[in-house]
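Trainee: As a plain string of letters, each chain reads:
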Amino acid sequence: MKSTTFDRANLLCGLLFIALGAFFALQSLTLELGTAFRMGPGYFPLILACALILLGGVILLQSIRVEGEPIGHIAWRGMFFILPAPIFFGLTVRGLGFVPALFLTALIASFASGKMKPLTALVLAFCLTIFSVLVFSYGLGLPFRRFGPWLGF
Amino acid sequence: MDFLSNLALGFSTASSIENLFFCLIGVLLGTLIGVLPGIGATATIAMLLPITFQLEPVSSLIMLAGIYYGAQYGGSTTAILINMPGESSSAVTAIDGYQMARKGRAGAALSIAALGSFFAGSVSTFLVAIFAPPLTAIALQFGSAEYFSLMIVGLVSSIALAHGSVIKALAMVALGLLLGLVGTDIYTGTPRFTLGIREYSDGLNFVAVAVGVFGIAEILRNLENEKTRSLLMAKVSGLLPTRDDFRKMVAPVLRGTVIGSALGILPGGGAILASFASYTVEKRVSDKPEEFGHGAIAGVAGPESANNAGAQTSFIPLLTLGIPANPVMALMIGAMIIQGIVPGPNVATEQPALFWGIIASMWIGNLMLVVLNLPLIGLWVKLLTIPYYVLFPIIMAFCSIGVYSVNSNVYDLFAVAFFGLIGYVLVKLRCEPAPLLLGFVLGPLLEENLRRAMILSRGDPTTFFKRPISATLLVIALAVLVIVFLPSVRKKRDEVFQEED
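Chains as they are written, first to last, in my numbering: chain F, 1449 to 1601; chain U, 60 to 560.
Just so you know, the hints here were simulated from the structure itself, not pulled from any lab data.
The structure displayed is predicted, hence computed values, not measured ones.
Using N, Cα and C, we set each Cβ at its ideal position, and we do this for glycine too.
A portion of the hints provided could be inaccurate.
Rough simulated footprint, nothing fancy, chain F against chain U, three-plus residues with beta-carbon under 8 Å [to be verified]:
| no. | segment |
| --- | --- |
| 1 | 226-233 |
| 2 | 245-256 |
| 3 | 452-460 |
Label-pair ranges, simulated between beta-carbon atoms [unchecked claim]:
| no. | chain 1 | residue 1 | chain 2 | residue 2 | range |
| --- | --- | --- | --- | --- | --- |
| 4 | U | Thr521 | F | Leu1477 | 26 to 34 Å |
| 5 | U | Pro434 | F | Arg1525 | 34 to 42 Å |
| 6 | F | Thr1478 | U | Pro411 | 43 to 51 Å |
| 7 | U | Glu350 | F | Ala1467 | 49 to 57 Å |
| 8 | U | Val541 | F | Lys1565 | 54 to 62 Å |
| 9 | F | Arg1513 | U | Glu350 | 35 to 43 Å |
| 10 | U | Thr243 | F | Arg1525 | 35 to 43 Å |
| 11 | U | Thr249 | F | Phe1485 | 17 to 25 Å |
Dumping the calculated DSSO-like pairs for lysine-lysine here, alpha-carbon to alpha-carbon at most 27 Å [to be verified]:
| no. | chain 1 | residue 1 | chain 2 | residue 2 |
| --- | --- | --- | --- | --- |
| 12 | U | Lys441 | F | Lys1563 |
| 13 | U | Lys441 | U | Lys162 |
| 14 | U | Lys307 | U | Lys342 |
| 15 | U | Lys487 | F | Lys1563 |
| 16 | F | Lys1565 | U | Lys441 |
| 17 | U | Lys347 | U | Lys307 |
| 18 | U | Lys342 | U | Lys162 |
Taking the hints into account, I'd like the entire structure generated from these sequences.
Mentor: In structure tokens:
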């Protein structure tokens, strides 16, 4: 028996598109569809979502035929530190205030690289914070609280 | 002369001290970030977009245009010096530019690129000024059906120019359109796809999506395997091209300008296509085709001019129709909307100072690039030696500040992380992000025009084929789709993109 080879990237890609399409399709069905004359809020999204599912299906079928290049390295460490950085900034910018939130955000992001040394990271985050406060807070006058209520200000 | 008085208005707007200053800052910042390898023009603009929001609309758009040219120029610099094109449109420059650099002619290659770009930019600025008003007049007669069909053309062409699988690009467009629909339905006020989060009822923030999909995803990709960049950097000396170089570059620059200007107008991203087309043409007409790939001057001069001319004329569909020709123009649209300007044919009549000011600032921006960047090349070269791990915490911090500063909405920052993840996953699965962003911008417009056209035609979908302009546009879109799927074209297209990789 010939063993079937899959293109893993296409397989995942097809599944991802089908899943996303299904999400939008189900959501659209809860909205009023309307008619082609007077389209409701769900009409156009439903068409698009069905198209997305269909296209996802085609990609899925294509994945069985040929094996493409492998997915390759995945930046796990990068994702682990880069993605939380803006989330952390969002969670703390009001409470801690602009200055500490930015300092910690830069610090978190620094650790995404294996080459960064802790001391360099601290110095970098420190300089970056000073620069940003001068430029954005004083220079451009963005209405950020520099230190927030969590710190007793 | 209407044309001249319009240009005069434009130049007087663009040459106010304030606007000159912002143009300068834009060009410098654009080059600064564009020089950093791995960060292309789109990501650069996405990251710097928020800085411009505090400014007046005219200044903000002038600065953005400056960032765009700067980023493009920066991309060519890295292409020539370290064989790492900052973006796909300068990929061709790397072929012969890097060879020139290895032969110790880096300075000449950089100047040829800059001078060629400047010439092409000057010509195409005039083309924009000449062709924009009549096109605007046509566009004013467009109804909903025509707009719908036009956007379809734009979306289809973006598919044609995306790398890799056409099916995937189509899926990306559909996904982008869907994401663009998140938020409150304009006709009924019903919230859609917001997952019950009130902060998303105005829709997903455009900047957050762009920064996530282009900025964060690119950082993650660069973090995959951090190898030290090979710093085969010859000393940049002998900036001025010799008389012989000048003689060799004149014809390619002229041809590149023509090719670039023509292709740039096409919706769907002409600049990339333009540089490839120009390279192919130069290779074909040359007496010594064997020189190409080994440091041919025409291989740098032609594509660089074409690239810049295309970048310039791609403003035509944006300014006249409000239809973005490529992701960068999509970002421009986003910026205009945030500034309270509805892009489209009305901009030229209602805000002539803005319209002509942007056109004039293109030329000024190009001039600044030549005057400033040639002397500053030493500085840009130094920048290349900054290690990447120092850069991206800075980028992350600026992204966070920038996105938050748009609306002071914390949920926008969560969206950045989410779209960073989505963008990275999709890139790993070999999907191009550009069609997604184009779909995202056009989603609401497309739906609105579709619904309005259907109401006007009392639910008769044949309205799109009965109206002549709309029908013509749809035929064009169909033709592009058919051509992309033709086996012979498909093979050729694969080859072109292969060469690029």
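Trainee: Among the hints numbered above, which are violated by the structure, and what are their numbers in rising order?
Mentor: The structure breaks none of the hints.
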